[in-house]
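Residue numbers (full-length UniProt numbering), protein chains in the order written: chain A, 1 to 107; chain B, 1 to 107.
These aren't lab readings, by the way, just hints derived from the structure by calculation. A portion of the hints provided could be inaccurate.
Here chain B is said to cover these stretches of chain A; the calculated rule only asks that three of the stretch's residues, wherever they fall, bring their Cβ under 8 Å from a Cβ of chain B [as the list claims (entries may be wrong)]: (1) 10-16; (2) 49-60; (3) 75-88.
Simulated restraints, written as ranges between beta carbons of each label pair [stated by the list, open to error]: (4) B/His70 / A/Gly32: 56 to 64 Å; (5) A/Lys78 / B/Arg37: 45 to 53 Å; (6) B/Lys103 / A/Arg66: 16 to 24 Å; (7) B/Ser52 / A/Ser52: 28 to 36 Å; (8) A/Glu60 / B/Glu4: 22 to 30 Å; (9) A/Glu59 / B/Leu73: 47 to 55 Å; (10) A/Gly32 / B/Glu59: 24 to 32 Å; (11) A/Ile65 / B/Val75: 43 to 51 Å; (12) A/Glu4 / B/Val50: 13 to 21 Å.
Note that this is a predicted model, so its numbers are computed, not measured. By construction, the Cβ of each residue, glycine as well, lies at the ideal position given by its N, Cα and C atoms.
Each chain, written out:
There are 2 protein chains.
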Amino acid sequence: MTEEQAMKYLQDTLFVVGGKWKLPILRAIHSGNYRFRDIQRSVPLITTRVLSKELKHLEENKLVIRTVYHSPLAVEYKVSDYTLSLLPVIKEMILWGKNHREKIREK
Amino acid sequence: MTEEQAMKYLQDTLFVVGGKWKLPILRAIHSGNYRFRDIQRSVPLITTRVLSKELKHLEENKLVIRTVYHSPLAVEYKVSDYTLSLLPVIKEMILWGKNHREKIREK
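One chain only, chain A, in its complex shape (with noise of 0.2 Å):
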């Protein structure tokens, strides 16, 4: 892989995925929250109207599957399987933010 093609597939990713949201929202409904209030809940800080339009956009790239249930009447979020691809980015930040948090306490 050159150089050149490496920065092509970062910015190709962060195309995707990146943002403030995305990843929070993936993490948050790959936990188990399937339902619009429960991915909410679980990411501090977003809006009601910003959730939605990232879900319509991870949904729209495939990252996330809508499912609309009658009787009772529901609508449920999960994960694609090809989501969990992405499950190795999320756990490098997630260790980058504990160390960094870290990093930054000792100071």
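Assemble the complex: chain A is given as a structure, and chain B must be docked to it using the hints.
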């Protein structure tokens, strides 16, 4: 680590190195592009204004070290040792982007 903690760490990481440009810039510098123009050339589509702003932000967060040389006058950017801890995140993103591109091509 609880789910709440993991989410907090993930959001911390996104706060510090999230956005479209910071990880590509760090990658470019780490790959040996130390001058402003070289970094700009290595990060497709970034503008001078945005690169300048992002470098300042990265410098404030101790992820980039800016050095001014005299005779001849030159400014160089290097990544700090702390930045090296981000390489696993960047690596996983590059791998995901590569896989994503292949997946898209299949269809």
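How the hints compare with the structure:
| no. | hint | in the structure |
| --- | --- | --- |
| 1 | 10-16 | holds (count 7) |
| 2 | 49-60 | violated (count 0) |
| 3 | 75-88 | holds (count 4) |
| 4 | B/His70 / A/Gly32: 56 to 64 Å | 59 Å, holds |
| 5 | A/Lys78 / B/Arg37: 45 to 53 Å | 46 Å, holds |
| 6 | B/Lys103 / A/Arg66: 16 to 24 Å | 21 Å, holds |
| 7 | B/Ser52 / A/Ser52: 28 to 36 Å | 35 Å, holds |
| 8 | A/Glu60 / B/Glu4: 22 to 30 Å | 29 Å, holds |
| 9 | A/Glu59 / B/Leu73: 47 to 55 Å | 52 Å, holds |
| 10 | A/Gly32 / B/Glu59: 24 to 32 Å | 40 Å, violated |
| 11 | A/Ile65 / B/Val75: 43 to 51 Å | 49 Å, holds |
| 12 | A/Glu4 / B/Val50: 13 to 21 Å | 20 Å, holds |
Of the numbered hints listed earlier, those contradicted by the structure are 2 and 10.
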